[in-house]
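Engineer: Residue-level listing of the chains:
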Amino acid sequence: MRIIWFGTGSVMGVFKAKIQAMVGAPYWRVLLLPVLLCAAVPQQRDAEKDTTAILQANYMYNIAKLVEWKDPAMRNGNFIIGVIGSANLYQELIKQYSTRTIGKQPIEVRKLPRTADVERCHLLFVGQSDVALLPEIYRNLAKSPTLVVTEYDGALDDGAVVNFVRVNNLLKYELSLANASKHDVVVGLTLRNLAHRVEE
Amino acid sequence: MTMMRLLAIAITALLGLAAQAQPDLLVEALRSYQAGELMKARLLVDEAVQTPAHAQDAEAWLLRGFIYKDLFKGMPGGEKADEVRDEALNSLMNSLNLDEAGTYVDNAVQAYDFLARSCFNDAAKALNEQREDRAVELFTKYKAAVLRREPQTSLKARETEFYNALGTAYTKRFNQQRQDTSWFLKATEAYGHVLGIEPDNYGANYNLATLHYNRGVYNIRAIKAEDDIPTIQQIQEVSRTYFQQALPYMLKAHELDPTRRETLLGLEGIYYSLQDQDSSERYRQLFELLPPQNDN
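Top line first, the protein sequences correspond to chains A and B. Numbering-wise (this note's numbering), the first sequence opens with residue 5 and increments by one. Numbering-wise (this note's numbering), the second sequence opens with residue 540 and increments by one.
Bear in mind the hints are in silico, worked out from the structure with no lab data behind them. Take the hints with a grain of salt, since some may be wrong.
Computed cross-link-like contacts, EDC-like style, restricted to lysine to aspartate or glutamate with a CA-CA straight-line distance of at most 16 angstroms [as the list claims (entries may be wrong)]:
no., chain 1, residue 1, chain 2, residue 2
1, A, 99, A, 112
2, A, 176, B, 815
3, A, 99, A, 50
4, B, 711, B, 672
5, A, 176, B, 767
6, A, 69, B, 765
7, B, 682, B, 652
8, A, 69, B, 766
9, A, 99, B, 765
10, A, 147, A, 123
11, B, 682, B, 621
12, A, 186, A, 72
13, A, 69, B, 767
14, A, 74, A, 188
15, B, 612, B, 576
16, A, 176, B, 776
17, B, 612, B, 622
18, B, 725, B, 672
19, B, 763, A, 52
20, B, 612, B, 652
21, A, 176, A, 203
22, B, 579, B, 609
23, A, 186, A, 203
24, B, 711, B, 671
Since this is a predicted model, take the numbers as computed values, not measurements.
Let the hints inform the model, and build the full structure from the sequences given.
Structural biologist: Structure below.
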């Protein structure tokens, strides 16, 4: 989990001392209390503030809606989104999307163990911290209708169908139609048109 | 006011009037004041300073200042208390201006400064009660009062302290009512006021950065599941603007104090949200290198 979030004004310690010296009255305490309560204390990055995870979760939900799985078996039962690595993305998916459906299929979000022995799912996100697992994951899923989503440079060349990329301080995605085809999924026109880059 | 000083005033007044046959209004006012009859003392002293004998009398204005000061101290606050405090300040200032021999300067200055400080103190109280307009009004009174007695006084430090606190109060409001962006603008203006006076003010730089960063995060946080890809891209672009606006302030805060972990954490967060992983990681590592005691 990454580190993030900061509150307002530890500088108020200075203010506190000066006001105390100046007014000699108790009001500085009540004035400063709310400020001190939200003063910066380093914490682990809260999932609520992990902007990348929030954006990725929404992108993944939209990708799920704009891709068609040809395999009839994938059109029944739960719509499974597997996550390896990003705890915040997993939490975000659970919180915002786990009660929704893709078509008639209820979304099921699974936090998968850090192993290349991946169970079958519709979408599989593998975070940057687990890139080392990917070569084996690509091999294991070569003939599976699982759409692999990644976030590292060169991922489309390696076998990912969707890869998150950072462009001009924005999070976007790139697509490989060839890889999609290998996994028996059809990428809708909208998803193609909105991609930062599409590999045919 | 010390008893000795009260006595001195009383003796001076009585000696000065000993030759006169009828009781003087000022003497009567002083007696009432000493007896704790402030309302009666007020009426008498108001009348006294209208008379030719006391209109230019530093002592009379000093007594009036003390009577009004004590009346103010007994009031719960509000507009009427403001008026009474203003009268006290005006009277004490009159006394200082008329007192060429400097007989009453120490007492007048002490009382005057107490009343000026009370304006600042009340401004702080108003901020705490989320009455920001009132706080600004009182702080303006405080400044005017201080500068009236000592026009050369530098209020830079007080001004930066107050406007930093005001910015924090507006930020708190904005955090409570995210849809009302007027609070965001007011907070930005308050911190901007500080930076106009003191560009190197650490707190204003840090707080402005945080304000913008948090707004960018909030926008992204508000993305709904129903939002399509073009919508989330638009939201990202708006948030990017806030993150970009936050960055120079946080960099400045870091430059002003490179040992503060909070700014390293802030920079890590801003770069992370700007999708600049390398920079984010660099500041995270710097953050981890600094010992936690630097958070104080």
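Engineer: Could you run down the list of hints and mark each one as holding or not?
Structural biologist: Here is how each hint holds up against the structure:
1. 99/A with 112/A: Roughly 11 angstroms between the alpha carbons, so the hint for residue 99/A and residue 112/A holds.
2. 176/A with 815/B: holds (13 angstroms)
3. 99/A with 50/A: Status holds; Cα separation ~14 angstroms.
4. 711/B with 672/B: holds (15 angstroms)
5. 176/A with 767/B: holds (13 angstroms)
6. 69/A with 765/B: holds (11 angstroms)
7. 682/B with 652/B: holds (12 angstroms)
8. 69/A with 766/B: holds (12 angstroms)
9. 99/A with 765/B: Holds. Residue 99/A to residue 765/B sits at ~14 angstroms (cutoff 16 angstroms).
10. 147/A with 123/A: Roughly 13 angstroms between the alpha carbons, so the hint for residue 147/A and residue 123/A holds.
11. 682/B with 621/B: Roughly 15 angstroms separates the two Cα atoms, so the pair holds.
12. 186/A with 72/A: This hinted pair holds, its Cα atoms lying about 13 angstroms apart.
13. 69/A with 767/B: Holds, at roughly 10 angstroms.
14. 74/A with 188/A: Holds. Residue 74/A to residue 188/A sits at ~6 angstroms (cutoff 16 angstroms).
15. 612/B with 576/B: holds (14 angstroms)
16. 176/A with 776/B: holds (11 angstroms)
17. 612/B with 622/B: holds (12 angstroms)
18. 725/B with 672/B: Judged against 16 angstroms, a Cα distance of about 11 angstroms means the pair holds.
19. 763/B with 52/A: Satisfied, since the Cα-Cα distance of roughly 14 angstroms is no more than 16 angstroms.
20. 612/B with 652/B: holds (14 angstroms)
21. 176/A with 203/A: holds (15 angstroms)
22. 579/B with 609/B: holds (13 angstroms)
23. 186/A with 203/A: holds (13 angstroms)
24. 711/B with 671/B: holds (11 angstroms)
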